[in-house]
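Colleague: Our numbering numbers the first residue of the sequence shown as 16 and each following residue consecutively.
Because the hints were derived from the structure by calculation, they are not lab data.
Restraint ranges, calculated between C-beta atoms of paired labels, are given here:
(1) E110 / P60: 53 to 59 Å
(2) P365 / G397: 43 to 49 Å
(3) G444 / P60: 47 to 53 Å
(4) A99 / T127: 45 to 51 Å
(5) A64 / R239: 56 to 62 Å
Computed from a predicted model, the values in this text were never measured in an experiment.
A virtual CB, placed ideally from N, CA and C, is assigned to each residue, including glycine.
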Amino acid sequence: MTLKFRLLAAAALSATLAACTVGPDFERPTTPASAAQGFAEGTDPRFAATPLPDGWWRLYQDPALDALVRKALERNTDVREASANLRRARALIREARGRLFPSLSTSASANTNQVGTGQNAGVGFAPPEPLTFDFYQLGSDASYEIDLFGGVRRSVEATRGDALAAAADLDAARVSVAAEVARNYALACSSRLQADIARESLATQQRTLDLNQRLFAAGRGQRRDVANAELLVAQAQAQVPQFEAEQRAALYALATLTGDTPASIDTAAAACTTPPRLDNAIPIGDGAALLARRPDVRAAEARLAADTARVGVATAALYPSIRLAGSLTIGGTSPSALGESNNIGFSLGPLISWSLPIDGAARARVNAASAQADARLAAFDGAVLTALQETEQALARLKAAIEQEASLRDAAKAAEEVARITRIRFRAGRDNALQLLEVERNLLDARAASGSAIAARG
Numbered sequence: 016m017t018l019k020f021r022l023l024a025a026a027a028l029s030a031t032l033a034a035c036t037v038g039p040d041f042e043r044p045t046t047p048a049s050a051a052q053g054f055a056e057g058t059d060p061r062f063a064a065t066p067l068p069d070g071w072w073r074l075y076q077d078p079a080l081d082a083l084v085r086k087a088l089e090r091n092t093d094v095r096e097a098s099a100n101l102r103r104a105r106a107l108i109r110e111a112r113g114r115l116f117p118s119l120s121t122s123a124s125a126n127t128n129q130v131g132t133g134q135n136a137g138v139g140f141a142p143p144e145p146l147t148f149d150f151y152q153l154g155s156d157a158s159y160e161i162d163l164f165g166g167v168r169r170s171v172e173a174t175r176g177d178a179l180a181a182a183a184d185l186d187a188a189r190v191s192v193a194a195e196v197a198r199n200y201a202l203a204c205s206s207r208l209q210a211d212i213a214r215e216s217l218a219t220q221q222r223t224l225d226l227n228q229r230l231f232a233a234g235r236g237q238r239r240d241v242a243n244a245e246l247l248v249a250q251a252q253a254q255v256p257q258f259e260a261e262q263r264a265a266l267y268a269l270a271t272l273t274g275d276t277p278a279s280i281d282t283a284a285a286a287c288t289t290p291p292r293l294d295n296a297i298p299i300g301d302g303a304a305l306l307a308r309r310p311d312v313r314a315a316e317a318r319l320a321a322d323t324a325r326v327g328v329a330t331a332a333l334y335p336s337i338r339l340a341g342s343l344t345i346g347g348t349s350p351s352a353l354g355e356s357n358n359i360g361f362s363l364g365p366l367i368s369w370s371l372p373i374d375g376a377a378r379a380r381v382n383a384a385s386a387q388a389d390a391r392l393a394a395f396d397g398a399v400l401t402a403l404q405e406t407e408q409a410l411a412r413l414k415a416a417i418e419q420e421a422s423l424r425d426a427a428k429a430a431e432e433v434a435r436i437t438r439i440r441f442r443a444g445r446d447n448a449l450q451l452l453e454v455e456r457n458l459l460d461a462r463a464a465s466g467s468a469i470a471a472r473g
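Taking the hints into account, I'd like the entire structure generated from these sequences.
Modeller: Encoded structure:
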């Protein structure tokens, strides 16, 4: 049988046997039919059934927010880490694919050898002269694993699933960072707004205090009224530093999210006094669009696919492994001798190995891989349900926040009107100081509640 015939026969055997792939094939898990429908909280006219766009933060039409998100997506440390993990996962795919092809190694050596060292001296004859010569050698080894039961192909599938999960994790990091940037930007704006409201309240309470002090000095008021007015001024003063601190905390968070030190405060965010708002209906899509968009759901599905493939890897280990190995060597005492045919040697043949699963360890690994795949399926189902739950909860809370903000804004306007009328009546002597102070206290509370509602909605 010629060498060429043997190689062709080995290749045919490899192609035939490689058609067998053990282990379960991945099938995309099903989700409840109701999961693809519209949201229970999505019937409100303030929500639209159109899907949420990828660059959702651009809906606010706020250049400062756009710049911050763009900077964060480029420089945020969590995004950079997730990107590096994705590059590593893709490199592991290439490594796993390498096992589908023959491996080849080469070697070269040049040695000086000496034979005969005079060890026979003193036994009745003269020691031989040492023989010194050079020896040159070139070698090449090749091997190819016949993927009998698809263990190599399953390992490639597993690494592909890991890479898809890493890509989803990168998307999740980007979504999380963009959301945190938007949240802290809104917090910085709303805290600045609350601080301005608190300063306006402070100025109003200070004017009321000045009025009561003048009346008391003129003998028309009481010390109790002055003390109550001083109490309201102190309460208004106490609110200002709290909101200023919250604004600075949000600005420090924005700096860190964008890859800067906390002291590198963004000037546009620091000057913002109005939280971003949407003028049109908020796009929310439906359950099907949500599940296709959510990175955590996609990551759970990819990890399920990877662990399903690893069941096949563990199953393939129960069966024999065959490698085709060959080597070629050329040796001679001079470089020119390497070209002589009688100095060429080679070997070619199959290598069969089989770790007999008599101790139960291999089957235990299969069972462990199957259990891991079952756990991944449960995790996928949990990710689907969690995504739907979080969306419904967020929509419910957003609806309540919008309604609360509107009600408290109307309450603040009403309190301002009552305070305006009461001040006029107080100056005309028709209302007393206690009535004015009570109205001012209500105004202070109404303004604070309205500011808090604006911050909560953001």
